[in-house]
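Asks: Using the sequences and the hints given, assemble the complete structure.
Listed in order, the protein sequences are those of chains S and A.
FYI, in our numbering the residues of the first sequence are 1 to 272.
FYI, in our numbering the residues of the second sequence are 273 to 544.
Derived by calculation from the structure, the hints in this document are not laboratory data.
Every value quoted in this text rests on a predicted model; they were computed, and no experiment measured them.
No residue lacks a Cβ here, since even glycine has one placed at the ideal position from N, Cα and C.
Fair warning: there could be bad hints in the mix.
[What the hints assert, rightly or not] Computed from the model, here is a short list of chain A residues facing chain S with C-beta under 10 Å: (1) 295; (2) 347; (3) 356; (4) 437.
Protein chains: 2
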Amino acid sequence: MSEKSPVSSAGLRRDMDILEVLAGHGDDRDVDGFGVNWIAQRLGREKSQVSRALRALEAEGMVERDPMTKRYRLGWRLFALAARTQQSRLVQLAVPFLRRLATVCDEDTHLCVQRGDMALTLMTLPSSRAFHRIWEGISIPVIMAAAGRSLLSDWDDAQIRESLRAPLPVGLGSSVNDEKQWLADVAHVRSFGYAVTAFEMDDGVFGVSAPVRDHRGVIAAAVSVSVTRAPGESRLHEIGGIAAETARQLSIALGLPPGGRGVLSAMPSRAR
Amino acid sequence: MSEKSPVSSAGLRRDMDILEVLAGHGDDRDVDGFGVNWIAQRLGREKSQVSRALRALEAEGMVERDPMTKRYRLGWRLFALAARTQQSRLVQLAVPFLRRLATVCDEDTHLCVQRGDMALTLMTLPSSRAFHRIWEGISIPVIMAAAGRSLLSDWDDAQIRESLRAPLPVGLGSSVNDEKQWLADVAHVRSFGYAVTAFEMDDGVFGVSAPVRDHRGVIAAAVSVSVTRAPGESRLHEIGGIAAETARQLSIALGLPPGGRGVLSAMPSRAR
DNA sequence: TTGCTCGGTTGCGCTGACCGCAACCCATTT
DNA sequence: AAATGGGTTGCGGTCAGCGCAACCGAGCAA
Chain S
1 MSEKSPVSSA GLRRDMDILE VLAGHGDDRD VDGFGVNWIA QRLGREKSQV
51 SRALRALEAE GMVERDPMTK RYRLGWRLFA LAARTQQSRL VQLAVPFLRR
101 LATVCDEDTH LCVQRGDMAL TLMTLPSSRA FHRIWEGISI PVIMAAAGRS
151 LLSDWDDAQI RESLRAPLPV GLGSSVNDEK QWLADVAHVR SFGYAVTAFE
201 MDDGVFGVSA PVRDHRGVIA AAVSVSVTRA PGESRLHEIG GIAAETARQL
251 SIALGLPPGG RGVLSAMPSR AR
Chain A
273 MSEKSPVSSA GLRRDMDILE VLAGHGDDRD VDGFGVNWIA QRLGREKSQV
323 SRALRALEAE GMVERDPMTK RYRLGWRLFA LAARTQQSRL VQLAVPFLRR
373 LATVCDEDTH LCVQRGDMAL TLMTLPSSRA FHRIWEGISI PVIMAAAGRS
423 LLSDWDDAQI RESLRAPLPV GLGSSVNDEK QWLADVAHVR SFGYAVTAFE
473 MDDGVFGVSA PVRDHRGVIA AAVSVSVTRA PGESRLHEIG GIAAETARQL
523 SIALGLPPGG RGVLSAMPSR AR
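Replies: Rendered as structure tokens:
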């Protein structure tokens, strides 16, 4: 619709696109980095520009280059900045809790936060078995994320319904259509502190998630477990209980007063 | 003297400066973020420009803003970019370090990561002599791995004890039963940055390992050396020192701030 | 109320930094 | 030697971002 962005963001956008390409898809064979031409082509841009932009980015330390293969990858500076991020603080705090959860259940566990209408996975701790997929650093629509039930559990039903009706970005139809089920899941979170859902993005996998609250009682994140092994009813709920307890402990570590669930805050944030 | 930087990097530089300011000095009380004026003043720049640049950066997710206080801090996108690449980056960056370690010690060296309660060897670099055993791609219980001492060195003792008590998968009884020795090894890692242990899986071989931390200070891997030749006490500790230094350098290459050991996260969570 | 300050945003010309094209460089391949 | 493919450099035109200054709105004091 609005093809003209109201505010500026011109050259920056270009640099960001390059970084995004360099980040790869995570699980690819992008280990060796990428060449100028490949990037230019992938972005539909002049290779000369990409070359210059990359040199500038390199001078800033945002990317680095293998002098032999002449390929670029993300640089130390980006990692240094990332480490100073709010999300990083959260991750550092969460590591011991999540790891414990991972070993107790022996399933992949994740820590997710909400960014706009997307759910971003901050960290994945793999189980001892080969894990299904690395979600770290990946965003998917909250509505499709198993953890979404927990992340949105403070919203009122009307807001959730509205989000459910919003069109999904790509051709990812799935079980999200089932509005009633979604609301039931959320209600389950409110009552029992966790939700169990079939993982929309991955067949045969169940997602168990629980909300984490910060010191004000606002939902700051969700822990989730992707259960791939023998997802029997009882085992799922057992894991649910453990996840909820883990989330509770993490919340306390974040400063939530142990007694109160302090939920009243969920103020009518602008739905944009 | 300002020899006029040979290549361009104009608008980008400005954005980077802003990000650098937002990164703060790390140890400060800069968690609340910074206001437009403060940043502008600190950089000696027009506040209008800083305002606009920040808006663009926010649109890209590089910074985020507290809508109440109107202060900015580093954004989720930085974190996401870094998170998506760190696995491949680890393997890629580790190669030269491991190779050097292998050459200097003339022993097989390995890079191991933790998956659930297993230690997985991602890479093995052989010594000049025919190597003893190929571990690449092999998972063994972290409790039985020599590198396990390093991988678990951020855990608190209670968790380690618990893991030690868990039953071992197959008929692999061994020296792991010695809980006290295990904890002593871990303590040694905490003090000196490396551990030396008899290799449980292989008689007459000693494992020397050291933890590698990612940009956030979280233990991401361990380098280990299987010492097969003349494992005298002094030689083992000499190699230990070298391994620890290698791990340290690799950590820095991954983006760990050189000064701090980044361990601050793990400590307050004892007696839980 | 009025007037003042302070932090942040917006309007608007002006200029130099990016853009695209094309040529060039330099290994590697045929 | 020609061709290919990945990367860099030169160059002119134009538009994005700069600086100034005005504006806004919240706090605060008298």
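Asks: Taking the hints in turn, state whether each one holds.
Replies: Cross-check of the supplied hints:
1. 295: Holds, about 4 Å.
2. 347: For residue 347 of chain A, the interface hint holds, since the closest Cβ of chain S sits about 7 Å away, which is under 10 Å.
3. 356: Cβ of residue 356 of chain A sits 4 Å from chain S, so the hint holds.
4. 437: violated (12 Å)
Of the numbered hints stated above, the single one contradicted by the structure is hint 4.
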